[in-house]
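Starting from the given sequences, assemble the full structure and let the hints guide the process.
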Amino acid sequence: MNPIERQDKKRANRKTPRLRTLLIALVLGGLGLGAMSTAATAAPDYGNCQVTGTRGSIKLETVTPGALSVRPVLPAPGWWNGDSPDTIKDGFEYCMAANMAFRAGLDRVIVVNRSFAQVVTGQARGFDIALSEITVTDERKKVVNFTDPYFSSDQGVLVKAGTKVDKDSIKKMRLGVKQGTTILPYLTDKVKVAEHPKVYTDAGAMYAALAAGQVDAVLYDTPNVLSIAKKSEGRFEVVGRYDTSEQWGGLVNKDSPNLAAFNKLIAEMKKDGTFDRLATQYLVPSLGADPAKLPVLTP
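Residue 52 in the numbering used here sits at position 52 of the sequence shown, with consecutive numbering throughout.
In case anyone wonders, no lab produced these hints; they're calculated from the structure. Built from N, CA and C at the ideal position, the CB exists for glycine as well. Nothing false has been slipped in among the hints.
Each computed EDC-like pair below joins lysine to aspartate or glutamate, with the alpha-carbon atoms no more than 16 Å apart:
(1) K190 with D168
(2) K164 with E237
(3) K142 with D255
(4) K89 with D45
(5) K254 with D148
(6) K254 with D138
So the derived label-pair ranges between C-beta atoms look like this:
(7) D272 with S245: 23 to 29 Å
(8) D168 with A208: 26 to 32 Å
(9) R125 with G66: 14 to 20 Å
Encoded structure:
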């Protein structure tokens, strides 16, 4: 090999590693762009919900980009179908949130777990709206904001099957209520029960106390206790209700920028029949009875 050929070979050897490095970088870069492209075009996920309306027609400022973070109360069959945030894919309020997310151009709903007592006192963070069958009250309005109402409710009386209850006997019973709900002051101030009701931090513990015989009856929103009775396979029944003329609204913290947008979304869903469709699809099958036909107990 002459000197010129040896020099050409040295140049080729020096260029090969550089060329290999450049090719690897291009390949890896292409893979990275492909992965990012796939992530950017991932299909929106609204669980099992049918979403309607115009996508992106309303703007929401959310705590998690691209998602609507919603706080529920669990268990709440018919409203949030599932026992934990990870298992919920439908229900009246979940699909209400999914429709909100779709119309706001968001790709999914994030179900977050926050203390109900902290939510209604404005101390909880990390969510955009609480859809938790929350009754709108003047006292709560002092620390949080409510959307326009989306559902009317009252308070049902859930007991073990066969338990007899009337407007007089209930005053002497051991009663259970959920912490932070409006029924507690109603029982003490209007019904004037003999024994102060036992207060439970979550609905699951309250229903477990009834099953264990630690209380004789629990009082909670009528649609919720009807769904629990239906799910109990005959162990529980709803024997009556107090007509408290309550309305439920979505709850947001005082500093939320989204109240007007949520109100617009609720007005749209009332007008276009979304709420009627959700009630027919999720509430009627899960309640097993018409709340309006339950006996009314007077204080």
